[in-house]
Amino acid sequence: MNMSISEIEHEIIEEFGVFENWVDKYDYLIDLGKSIPKINPIYKTDENTISGCQSQVWLHAKCENSVIVFTADSDAIMTKGIVALLIRVLSNQKPEKILDAKLDFIAKIGLEEQLSQTRATGLSSMIKQMKIYAFAFKEKL
Amino acid sequence: MSNKNNIQSLFPILKSSVNNNKLVYLDNAATTQKPNSVIAEINKFYLKENSNIHRGVHHLSQVATKKYENSRLVTQNFINARHSHEIIFTKGTTDSINLLASSFGQLLKKGDEIIISEMEHHSNMVPWQMCCERSGAKLKIIPCNKIGELDLDMFNQLISNKTKIVSVTHISNSLGTINPIRKIIEISHQKNVQVIIDGAQAAAHVKLDMQKLDADFYCFSAHKLYGPTGVGVLYGKENLLNLLPPYQGGGEMIKDVSLLKTTYADLPHKFEAGTPNIAGVIAFKKSLDFITETGLGNIKTHEDKLLDYATEKLNSIKGLKIIGTSSDKSAIISFIIQDIHHYDLGLLLDKMGVAIRTGHHCTQPIMKKFKISGTSRISFAYYNTIEEIDHLILAINKAIKMLS
Numbered sequence: 000m001n002m003s004i005s006e007i008e009h010e011i012i013e014e015f016g017v018f019e020n021w022v023d024k025y026d027y028l029i030d031l032g033k034s035i036p037k038i039n040p041i042y043k044t045d046e047n048t049i050s051g052c053q054s055q056v057w058l059h060a061k062c063e064n065s066v067i068v069f070t071a072d073s074d075a076i077m078t079k080g081i082v083a084l085l086i087r088v089l090s091n092q093k094p095e096k097i098l099d100a101k102l103d104f105i106a107k108i109g110l111e112e113q114l115s116q117t118r119a120t121g122l123s124s125m126i127k128q129m130k131i132y133a134f135a136f137k138e139k140l
Numbered sequence: 000m001s002n003k004n005n006i007q008s009l010f011p012i013l014k015s016s017v018n019n020n021k022l023v024y025l026d027n028a029a030t031t032q033k034p035n036s037v038i039a040e041i042n043k044f045y046l047k048e049n050s051n052i053h054r055g056v057h058h059l060s061q062v063a064t065k066k067y068e069n070s071r072l073v074t075q076n077f078i079n080a081r082h083s084h085e086i087i088f089t090k091g092t093t094d095s096i097n098l099l100a101s102s103f104g105q106l107l108k109k110g111d112e113i114i115i116s117e118m119e120h121h122s123n124m125v126p127w128q129m130c131c132e133r134s135g136a137k138l139k140i141i142p143c144n145k146i147g148e149l150d151l152d153m154f155n156q157l158i159s160n161k162t163k164i165v166s167v168t169h170i171s172n173s174l175g176t177i178n179p180i181r182k183i184i185e186i187s188h189q190k191n192v193q194v195i196i197d198g199a200q201a202a203a204h205v206k207l208d209m210q211k212l213d214a215d216f217y218c219f220s221a222h223k224l225y226g227p228t229g230v231g232v233l234y235g236k237e238n239l240l241n242l243l244p245p246y247q248g249g250g251e252m253i254k255d256v257s258l259l260k261t262t263y264a265d266l267p268h269k270f271e272a273g274t275p276n277i278a279g280v281i282a283f284k285k286s287l288d289f290i291t292e293t294g295l296g297n298i299k300t301h302e303d304k305l306l307d308y309a310t311e312k313l314n315s316i317k318g319l320k321i322i323g324t325s326s327d328k329s330a331i332i333s334f335i336i337q338d339i340h341h342y343d344l345g346l347l348l349d350k351m352g353v354a355i356r357t358g359h360h361c362t363q364p365i366m367k368k369f370k371i372s373g374t375s376r377i378s379f380a381y382y383n384t385i386e387e388i389d390h391l392i393l394a395i396n397k398a399i400k401m402l403s
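From first to last, the protein sequence lines are chains A and B. Oh and the first sequence: position 17 is 16 in numbering that gives the first Met the number 0, straight run, nothing missing. Oh and the second sequence: position 289 is 288 in numbering that gives the first Met the number 0, straight run, nothing missing.
Just so you know, the hints here were simulated from the structure itself, not pulled from any lab data. Check before you lean on any hint, since a few could be wrong.
The list that follows gives simulated cross-link-like pairs (lysine-lysine, BS3-like), each with its CA atoms no further than 30 Å apart [unchecked claim]: (1) A/Lys101 x A/Lys137; (2) A/Lys43 x B/Lys109; (3) B/Lys312 x B/Lys299; (4) B/Lys109 x A/Lys24; (5) A/Lys43 x B/Lys368; (6) B/Lys397 x A/Lys24; (7) B/Lys368 x B/Lys109; (8) A/Lys24 x B/Lys21; (9) B/Lys350 x A/Lys101; (10) B/Lys350 x B/Lys206; (11) A/Lys33 x A/Lys101.
Input sequences plus hints: build the corresponding full structure.
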């Protein structure tokens with residue numbers, strides 16, 4: 000049985016809770032960025048690109064056994080770290096659960112500034128795009 | 000360096016902490032911080048002097064008008080323009096260039112040509128592209144070489160009797176190159192072509208003398224000269240400004256209005272439609288006073304020292320490459336570090352209290368030329384110190400360690 004979105008969010012908040020300073024937190028984020036499952040290069044297309052002013056994100060989605068599997072990548076490692084967290088939370092979940100997800104864990108682990116820089120990273124657009132995929136697959140199922 | 004601490008004390012924001020570190024502000028090419036005198040003047044205006052200018056007969060309007068027009072005189076002196084009415088107040092450099100592109104556009108026709116350079120800020124590129132779309136004129140581009148210098152041989156080949164305007168930047172905002180604008184103006188004037196200089200990155204760093212330089216138009220922004228945002232200057236030679244049609248219609252720019260026909264006011268009001276940023280223009284005088292009292296010679300000497308010191312220190316970092324290495328540079332250094340994204344570096348430096356700029360710096364064509372998506376850029380003002388550069392270098396080394 001998969002963990003639910005809120006269970007995973009809770010787990011991440013606990014993980015980040017142990018860091019006493021920003022260096023440890025960002026080191027962890029960098030590690031997450033490095034360990035993100037590689038997106039198949041054939042999906043790194045213009046169509047799958049979410050452009051930000053500074054960094055960009057590639058996002059691919061497919062529907063398997065009524066859950067959505069996301070893979071993604073970014074050219075900046077910090078962005079990639081957050082991308083890894085978003086995938087951990089939203090991948091392998093049912094479309095309707097993805098649509099309902101509030102994703103407030105990002106604020107709770109003190110990384111909301113990464114999302115508010117909408118023009119900079121493309122992360123906000125990435126979340127939007129993940130929900131659009133969820134909506135589209137929900138209609139299909 | 001103790002003298003420098005005194006300078007920093009004039010800028011209250013420089014005492015701030017960012018993420019528990021003392022702020023090291025190295026994003027001065029984007030905007031400079033403001034001294035107490037400028038902040039106090041803005042306050043004073045709204046506390047005691049606020050009124051609309053030029054038309055009022057009452058006391059406050061006269062005070063505001065006098066101070067507003069005094070800023071024009073001080074600006075005239077600052078750049079040694081021949082007449083005060085050659086100073087048009089705008090919203091900023093971008094606004095000044097848009098004014099020119101829009102008004103010139105009405106005088107251009109198919110077959111005419113405009114020359115800009117490859118290293119222009121989008122603000123001195125997009126308005127001309129729009130102008131060309133409207134008028135049918137053609138845009139020609141002066142390329143630059145590998146170290147970020149304009150190719151003047153190509154410029155000589157591009158300029159012809161079809162050329163109507165040359166618009167180039169005095170100092171590149173992404174490379175730091177100081178362009179040979181005197182030479183460009185000389186070549187252009189031999190062909191009777193008018194020259195516009197984008198001085199956004201220059202006016203706070205090099206002494207300007209419009210009568211010596213002989214530029215036809217020169218644009219800059221107050222906020223990059225320790226002044227308020229929302230105030231810009233368009234300098235233009237009197238006879239040329241008289242030839243240009245107005246940009247925007249409205250109050251202040253008219254002489255006489257009937258329902259079907261309006262005659263326009265004389266310079267400079269012809270180009271200043273609507274209520275301007277009165278407080279900003281008045282406080283701008285205080286920032287010009289600050290620069291004049293400090294002395295542009297002293298500013299240049301200090302900033303050159305920072306530039307040399309930072310260049311040497313940065314070059315000693317393994318994998319770091321400076322983009323833009325002309326021998327004639329202003330206080331701007333753009334660089335990339337092997338295998339490190341500029342966004343990641345900017346984010347980590349911010350955590351250590353160091354404010355730099357990352358990205359393409361609104362100069363996408365030049366980034367494509369160097370085959371990079373962006374750079375990290377540091378840029379200095381008079382209040383920056385050698386100690387701050389040392390802190391920057393430590394912070395960069397720490398970030399590199401975290402990221403690799």
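Verification of the supplied hints:
1. A/Lys101 x A/Lys137: holds (18 Å)
2. A/Lys43 x B/Lys109: Judged against 30 Å, a Cα distance of about 43 Å means the pair is violated.
3. B/Lys312 x B/Lys299: The hint holds at about 20 Å.
4. B/Lys109 x A/Lys24: violated (59 Å)
5. A/Lys43 x B/Lys368: Within the cut-off at roughly 23 Å; holds.
6. B/Lys397 x A/Lys24: Since the Cα atoms of B/Lys397 and A/Lys24 sit roughly 15 Å apart, the hinted pair holds (cutoff 30 Å).
7. B/Lys368 x B/Lys109: holds (29 Å)
8. A/Lys24 x B/Lys21: holds (21 Å)
9. B/Lys350 x A/Lys101: holds (27 Å)
10. B/Lys350 x B/Lys206: Judged against 30 Å, a Cα distance of about 36 Å means the pair is violated.
11. A/Lys33 x A/Lys101: It holds: about 26 Å lies between the C-alpha atoms, which stays within 30 Å.
Of the numbered hints listed earlier, those contradicted by the structure are 2, 4, 10.
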